[in-house]
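Q: Numbering that gives the first Met the number 0 puts the sequence shown at residues 0 to 303.
Possibly wrong hints are sitting among the right ones.
Claimed, not checked - Pairwise CB distance ranges (calculated):
hint, residue 1, residue 2, range
1, K110, Q219, 26 to 32 Å
2, T207, D292, 21 to 27 Å
3, L180, Q141, 18 to 24 Å
4, D114, P302, 30 to 36 Å
5, Q61, T207, 38 to 44 Å
6, D114, L87, 43 to 49 Å
7, E296, I262, 16 to 22 Å
Claimed, not checked - Cross-link-like lysine to aspartate or glutamate pairs, in silico, EDC-like; alpha carbons within 20 Å at most:
hint, residue 1, residue 2
8, K81, E53
9, K140, D181
10, K81, D5
11, K176, E136
12, K285, E274
13, K239, E142
14, K239, D181
15, K140, D236
16, K62, E136
17, K239, D5
18, K62, D224
19, K140, D88
Hints are computed from structural coordinates only; laboratory data are not their basis.
Think of the CB as a built atom: it goes at the ideal place given N, C-alpha and C, for glycine as much as any other residue.
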Amino acid sequence: MAGMMDGKVAVVTGAGGGIGREIAIMMAAAGAKVIVADIGASLTGEGGSATPAEQTKAMIEQKGGQAAICTESVASWSGAQKIIQSALDNFGRIDAVVNNAGILRDVIFHKMTEDDWLSVIAVHLNGCFFVSRAAAEHYRKQESGTFVHMSSTSGLIGNFGQANYSAAKLGITALSKSIALDMQRYGVRSNCIAPFAWSRMTSSIPATTPEQQARVAKIQQMTPDKNAPMAVFLSSDAAKGVSGQVFGCRMNEMILFSSPRPIRIVHSAEGWTPETIAERCIPAMKSAFMPLDRSGEVFGWDPV
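Construct all of the structure, not just a fragment, from the sequences and the given hints.
A: Structure, rendered in structure tokens:
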């Protein structure tokens, strides 16, 4: 890993703790100069403090790395512009962006408020777009650059009480694919990671029943640092040719996720009516229906 990011400047959002902190530390260990971007807000997005970002910066510098902090919000166009500008001001360029910042407002769908929805979309989906868009102009001019965006199996597969988060996280995969397509001509790559880890973002998972406690115990084994190697690899020149993909990091497992593709097609020469759809189309397709399952049911084995 040493030297894999030599000469590169990376921005890691949400780097004040958890997965973002581990990515920032490993980026620096690999030779990158790192902007630790974190607004220092609560898990639900309130408040702000420079302390988490300063702590990550100190950890990087204790190991001989170089870092600077930025406490602007990813959820605004101007804040995102300032985050990227901080890389230019401190280190003279920008080569890698890791869109990791996030908040949670978990609530069952029929009780979700307007603010619950808008605040989560603002940080996750808008934040990914704003920060990526701010870097894109520089990437285009230098004809190089990478994006790594954090998705989630809550969006890729599904979960209870996370309509806002799930929608944002699946939207991020489509955004990443679009960036990969649009900026391929400039040598720019864009990929997603669906991380599995026990961090502040997962500490809100309820653990009142024995089943829930067992699930949480499994997640606690998956420490945030397990997600950092893939983020560093995807941001390095070693990942040339890897773009538009969605990876998962689960303990010591590396996962490649599929994208939606046609899985069954039914044709009728005379066209369709609502009645013939009910009689012939749906019965022919039903065996291929996707189940109403959640991430924990799809990944039914213990992390290894």
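Q: None of the hints should be skipped; say for each whether it holds.
A: Going through the hints against the structure:
no., hint, result
1, K110 <-> Q219: 26 to 32 Å, "holds, 28 Å"
2, T207 <-> D292: 21 to 27 Å, "holds, 22 Å"
3, L180 <-> Q141: 18 to 24 Å, "holds, 19 Å"
4, D114 <-> P302: 30 to 36 Å, "holds, 34 Å"
5, Q61 <-> T207: 38 to 44 Å, "holds, 39 Å"
6, D114 <-> L87: 43 to 49 Å, "violated, 34 Å"
7, E296 <-> I262: 16 to 22 Å, "holds, 19 Å"
8, K81 <-> E53, "holds, 18 Å"
9, K140 <-> D181, "holds, 14 Å"
10, K81 <-> D5, "violated, 24 Å"
11, K176 <-> E136, "holds, 18 Å"
12, K285 <-> E274, "holds, 16 Å"
13, K239 <-> E142, "holds, 13 Å"
14, K239 <-> D181, "holds, 16 Å"
15, K140 <-> D236, "holds, 18 Å"
16, K62 <-> E136, "violated, 32 Å"
17, K239 <-> D5, "holds, 16 Å"
18, K62 <-> D224, "holds, 16 Å"
19, K140 <-> D88, "holds, 17 Å"
Taken one by one, the earlier hints fail for this structure at numbers 6, 10 and 16, listed in ascending order.
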